[in-house]
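Engineer: Below are the chains, spelled out letter by letter.
Number of protein chains: 2
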Amino acid sequence: MADSAGRERHAGPAAHAHTGAWLARVLRERISRGELPPGTKLAEQALAEQLDVSRNTLREAFGTLIAESIVERVPNRGVFVVKPEAEDVREIYRIRRMVEPAALLWGELTEPALAGLEAIVGRAMAALEAGDVPGMADANQQLHGAVVALSGSRTLSTVMDQTLARMRLVFNRMSDAPDFHTGYAERNRDLVELLRAGRREEAATGLRDYLDTAEAELLGHLSRWAR
Amino acid sequence: MADSAGRERHAGPAAHAHTGAWLARVLRERISRGELPPGTKLAEQALAEQLDVSRNTLREAFGTLIAESIVERVPNRGVFVVKPEAEDVREIYRIRRMVEPAALLWGELTEPALAGLEAIVGRAMAALEAGDVPGMADANQQLHGAVVALSGSRTLSTVMDQTLARMRLVFNRMSDAPDFHTGYAERNRDLVELLRAGRREEAATGLRDYLDTAEAELLGHLSRWAR
DNA sequence: CGGAGGCGGATTGTTGAACAATCCGCTCCC
DNA sequence: GGGAGCGGATTGTTCAACAATCCGCCTCCG
Numbered sequence: 001m002a003d004s005a006g007r008e009r010h011a012g013p014a015a016h017a018h019t020g021a022w023l024a025r026v027l028r029e030r031i032s033r034g035e036l037p038p039g040t041k042l043a044e045q046a047l048a049e050q051l052d053v054s055r056n057t058l059r060e061a062f063g064t065l066i067a068e069s070i071v072e073r074v075p076n077r078g079v080f081v082v083k084p085e086a087e088d089v090r091e092i093y094r095i096r097r098m099v100e101p102a103a104l105l106w107g108e109l110t111e112p113a114l115a116g117l118e119a120i121v122g123r124a125m126a127a128l129e130a131g132d133v134p135g136m137a138d139a140n141q142q143l144h145g146a147v148v149a150l151s152g153s154r155t156l157s158t159v160m161d162q163t164l165a166r167m168r169l170v171f172n173r174m175s176d177a178p179d180f181h182t183g184y185a186e187r188n189r190d191l192v193e194l195l196r197a198g199r200r201e202e203a204a205t206g207l208r209d210y211l212d213t214a215e216a217e218l219l220g221h222l223s224r225w226a227r
Numbered sequence: 001m002a003d004s005a006g007r008e009r010h011a012g013p014a015a016h017a018h019t020g021a022w023l024a025r026v027l028r029e030r031i032s033r034g035e036l037p038p039g040t041k042l043a044e045q046a047l048a049e050q051l052d053v054s055r056n057t058l059r060e061a062f063g064t065l066i067a068e069s070i071v072e073r074v075p076n077r078g079v080f081v082v083k084p085e086a087e088d089v090r091e092i093y094r095i096r097r098m099v100e101p102a103a104l105l106w107g108e109l110t111e112p113a114l115a116g117l118e119a120i121v122g123r124a125m126a127a128l129e130a131g132d133v134p135g136m137a138d139a140n141q142q143l144h145g146a147v148v149a150l151s152g153s154r155t156l157s158t159v160m161d162q163t164l165a166r167m168r169l170v171f172n173r174m175s176d177a178p179d180f181h182t183g184y185a186e187r188n189r190d191l192v193e194l195l196r197a198g199r200r201e202e203a204a205t206g207l208r209d210y211l212d213t214a215e216a217e218l219l220g221h222l223s224r225w226a227r
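Those protein sequence lines, which keep their order, are chains A and B.
Reminder that position 200 of the first sequence reads as 200 in full-length UniProt numbering, one-by-one numbering, no gaps.
Reminder that position 209 of the second sequence reads as 209 in full-length UniProt numbering, one-by-one numbering, no gaps.
Simulated from the structure, these hints should not be mistaken for laboratory data.
Just so we're clear, the structure is a prediction, and the values are computed from it rather than from any experiment.
Just so you know, not all the hints are guaranteed correct.
In silico SDA-like links for lysine to any residue, alpha-carbon gap of 20 Å or less [as the list claims (entries may be wrong)]:
id	chain 1	residue 1	chain 2	residue 2
1	A	K83	A	A197
2	A	K83	B	K41
3	A	K41	B	A17
4	A	K83	B	R154
5	B	K41	B	G145
6	B	K41	B	F80
7	B	K83	A	T155
8	B	K83	A	R154
Kindly produce the complete structure, drawing on both the sequences and the hints.
Structural biologist: Now the structure itself:
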């Protein structure tokens, strides 16, 4: 991963017209992966040197990340990896409680979409039996992303992706919290079954209840764990 | 408006730590106002000179605007004011058909919020009687923004603001289209009355119908008018 | 001994210039 | 008349510099 001199270069001839976007991807990845944990300061000069780009280009990448609320800029102090507080968790669930049930109620339930959802549930159940916690987390996020995709709206899917990215930040904050997703695999399965049966209202209200529960649990962990 | 030498400076001592954001505001304003109509190319050097900022800073502002989908960058060709096509209109209404009814159904209906909605309706009706078309357009956008605000989510309100900004781009494209908002003032009023009566489901389904109608009308105009 | 104030180093904010890469229109040649 | 290729203009990226601001530390004063 790290190379000899502590700096990295992009291998391909990605030069010209893509460095900013490439940089943003790299940083997003590192943050999501847990290196650069919440609260970390991203010093311009150091990072620019390490990634072998100019401060200006780095700044452009920061702009992207800031727009995604993964990172925030404090004027004259620098940019920091967002450190989610209780209020951020509440905001995340406010969004999800609106968008996800709406997609269930009013999205377009095509056959391939339903099949996709069922495939994800299958993977989640497999991961559950195998005790594969990261796999379950992954499947869970995929499922909720797919639910929003029922809306057909690229924009809402993007919003959801960013929201799920912030969820990952929350999990990164409580790294040693007990595995959170175990209990929800079955609720996900039931939800997709309701959808398959065309009982959308029940699916929607069930999901809203589900989200309430999850939010409460997260807030509980957070208040016990935070500082 | 234009000053002697064709360039402008920011008056206050806003220097340091805000130029980028200030620039983004100025450009957003100009685009929304209809100078810089859809399709306009924003040349870096010319704009930087005119606004008296460096190309680098201008680039940062572009980043913001791109994230808001007001403007788009074509690699090696420049950034252009977005020129909404039929598909963009459909996407706008996909978003609105999810988010607005969801806010009606599941948002928090506080007394001040209701009062605020009624105040907006009042202004809209006044504008209707006075034949004040821009006033009606304004009140209409305010109302729908306020509806989404019922969700309590800052993020969703931001998404809605950006969506409404794109709506304005659509209107800018068909500048001579007949006034679009007249018919909807009364539907807005009825909608708020339903809300006041606590009949959320009816309000939500009514709004979805409303949005379907509006979308169809816009698409009609667009296909007749476009090129 | 403790706190207010100020000094200095480090970091961010912004600029201007430079060069490479790419695109666009134009000419030239067949 | 049409395609190849040239040249200017514009974008993409970097570098180096300076101004503004913040932060820790030290001094000075009570």
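Engineer: Would the pair A/K83 and B/R154 pass a check requiring their Cα atoms to be no farther apart than 20 Å?
Structural biologist: 17 Å, holds
Engineer: B/K83 and A/T155 were given as a pair; does the straight-line alpha-carbon distance stay at or below 20 Å?
Structural biologist: 17 Å, holds
Engineer: Taken at face value, is the distance from the CA of B/K41 to the CA of A/K83 at most 20 Å?
Structural biologist: 38 Å, violated
Engineer: Between the alpha carbons of A/K83 and A/A197, is the straight-line distance 20 Å or under?
Structural biologist: 41 Å, violated
Engineer: Measure nothing beyond the straight line between the CA atoms of B/K41 and B/F80; if it is 20 Å or shorter, mark the hint as holding.
Structural biologist: 4 Å, holds
Engineer: Is the straight-line distance between the alpha-carbon of B/K83 and that of A/R154 20 Å or less?
Structural biologist: Holds, because 18 Å separates the two Cα atoms, which is no more than 20 Å.
Engineer: Do the alpha carbons of A/K41 and B/A17 lie within 20 Å of each other, as the hint requires?
Structural biologist: Holds, at roughly 18 Å.
Engineer: Keeping to a limit of 20 Å between CA atoms, is the pair of B/K41 and B/G145 held or broken?
Structural biologist: 29 Å, violated
The structure does not agree with the numbered hints 1, 2, 5 stated previously, though it agrees with the rest.
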